[in-house]
Amino acid sequence: MKRFPGRGPEAQRKREGALFIAPWVIGFLSFIAFPLFYSLYMSLHQVKITVDGVEYAFIGIKHYREILIADGSLLYEELLPFLRETAIMIPIILAFSLAVALLLNMRFPGRTLFRVIFFLPVIFSSGQIVQEFITQGEGSLSIVKTLRLDEYLREYVPAGWAGPIQNVMDSFVLILWYSGVQILLFLAGRQTLPASVYEAARIDGAGPWNTLWTITLPGLVPYMFLNLMYTVVDLFTFPGNPVVSRVNTVNYGSSSALAWIYFSIVLSIVLLTLLLYARIEKWLSGKR
Amino acid sequence: MELVKAGIRRLYAVRVAKARLAMPGAAIRRLADAAIGRGMLWKPVVYVVLTCVAFIYVKPILYMVTTMVKDASNILDPAVIWVPRSIHLGHLEKAAGMLDYGKSFLISASLAGSVSVLQTFSCAVAGYAFARLDFPFKKFWIAMLLFSFIMPPQVTILPSIMLFKKLGWMDTFLPMVVPALFGHGLKGAMFVIIYRSFYSTLPKELDEAARIDGAGLVRLFFRVMFPVARSASVVVLLFSFVWNWNDFYFPSLYMFTAESVPLSISLARMAGEMAQAQGAGELTVFAEAIKMAASFLIIMPLIGVYLVAQRWFIEGVERTGLVE
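Chains as they are written, first to last, in the working numbering: chain F, 1 to 288; chain Z, 289 to 612.
Incorrect hints may have been included.
What the hints assert, rightly or not - Only pairs whose alpha carbons sit at most 30 angstroms apart, straight line, appear in this in silico BS3-like list of lysine-lysine:
#1 Z:LYS454 with F:LYS48
#2 F:LYS282 with Z:LYS427
#3 Z:LYS426 with F:LYS14
#4 F:LYS48 with F:LYS62
#5 Z:LYS347 with Z:LYS331
#6 Z:LYS492 with F:LYS14
#7 F:LYS282 with Z:LYS426
#8 Z:LYS453 with F:LYS48
#9 F:LYS62 with Z:LYS453
#10 Z:LYS492 with F:LYS282
#11 Z:LYS347 with Z:LYS382
#12 Z:LYS391 with Z:LYS331
#13 F:LYS14 with Z:LYS427
#14 Z:LYS492 with Z:LYS427
#15 F:LYS62 with Z:LYS454
#16 Z:LYS492 with Z:LYS391
Simulated from the structure, these hints should not be mistaken for laboratory data.
Just need the whole structure built from these sequences, with the hints factored in.
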């Protein structure tokens, strides 16, 4: 196959495509790829900011060893419980936002009002204001205390998980606040399923319950995946995240190393979900 | 448009046939269908569930609004929790003064406005290319798109600061605006993915019909593809505006020493000042009310923007089907 400087419609199309993607690729190289490698470089060096510039002294993996082994408190005592919390939060967020989006999609009087209200979390959750509400304890559900769920929890759940579950319940409202974008994405995704399909299904005698399982949910699988990725990424830059504030300009070298360790954790989690998604996709198409 | 319709029909015929045949638990199905169909069971449930969740979302706003209009007597009165006896607007004025509201508002609006418009356009171009066009190493670049989506900004933040310092862009809008011009910036990868999934749901016949008519790619994009994506554009524009308006992380690192800062930064500065004042033993009773007033001032424009945009948002979202 002829590559870039060729003739004919094939090469012509490729050239046009390259023209369209060029700005994005340039942006990627200069604002993502370059800083990425630079931070890898810095994480292997002792960085000193002096009056006339920046000095680098190669120290190998010392920063990594410090964070992973010598001083592991940040990683094992703060980040690990946080990861457990996210493992509980993600399914809750996805199920909740899917349910709400499907409800909001139905026709009933007052729908517009509800749709306005359900945009509020998008505004809250990205701002500084959410911090304010967390400190005021707006995030907890009083029902948890009334039913004394925490005591049962401590009795029946292994200690490593009881704490995170407790935290999730304490900030349950907060979780719902973090579902705003997901709700809207599901809502938009639901609209891409054409009404004519539902109409045809109805004429053929399929009820709403059937169409939900055979048309709506399979049609939403790509959006579930998009939402899953979004939720994972969003939670990893969550205000309560112990790592985010540690990456600062105090120490360039070890901050970069921390960012890289953190990133590799995120990356492995996401790759796992990708694998899972590929499996599900295969299974779905096999059923078809 | 006939071509498009036919394509969609063919695409979904299989699913319809399946919907007709699948019979999981006939009794449950009949019961559920009857209840849903008549709206007896369903409607009240929908209302109850949505109202409960809506209350959770509205409560902080109620708290904010009621707290910020309380004067000293209302704050100290233990009988007043939600409804103050009188309305006092002094905190709002005070907060506006501390935030330097007029100036900060303009900066926030122009920053979020320019970034969101640029992102909407540049991400549409990239998303269309990723969905429909062919270019060298396409698979690799798609992987890189996913990569930049999942990469926390903390990984690249320090070198970016050094890069922008070298370029002399610190304390200006440029570190936020220029990446947006290239389809990156705050959550840029996500917007590209949104466009990409939107364009890949469009039937291929739409491209091909225009190609047969002899339209060049640039014209095709501006005349057909960008206008067709209006629903996706509204979503992206709105999200981008809100996130850039609220964003604290990037401005705090790129323009913290600047004279004129966006609202998110002036809120943080204000909170710092108030914490200091509290340490010196001032203002303690009003601190809460003033903070709430400031939060209200920052959130209000966003709610206004959404109220204006939501008509297109919902209409646009509903037209995404495009076939009807």
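Cross-check of the supplied hints:
no., hint, result
1, Z:LYS454 with F:LYS48, "holds (16 angstroms)"
2, F:LYS282 with Z:LYS427, "holds (19 angstroms)"
3, Z:LYS426 with F:LYS14, "holds (10 angstroms)"
4, F:LYS48 with F:LYS62, "holds (16 angstroms)"
5, Z:LYS347 with Z:LYS331, "holds (24 angstroms)"
6, Z:LYS492 with F:LYS14, "holds (17 angstroms)"
7, F:LYS282 with Z:LYS426, "holds (22 angstroms)"
8, Z:LYS453 with F:LYS48, "holds (16 angstroms)"
9, F:LYS62 with Z:LYS453, "holds (27 angstroms)"
10, Z:LYS492 with F:LYS282, "holds (23 angstroms)"
11, Z:LYS347 with Z:LYS382, "holds (24 angstroms)"
12, Z:LYS391 with Z:LYS331, "violated (47 angstroms)"
13, F:LYS14 with Z:LYS427, "holds (14 angstroms)"
14, Z:LYS492 with Z:LYS427, "holds (19 angstroms)"
15, F:LYS62 with Z:LYS454, "holds (28 angstroms)"
16, Z:LYS492 with Z:LYS391, "violated (48 angstroms)"
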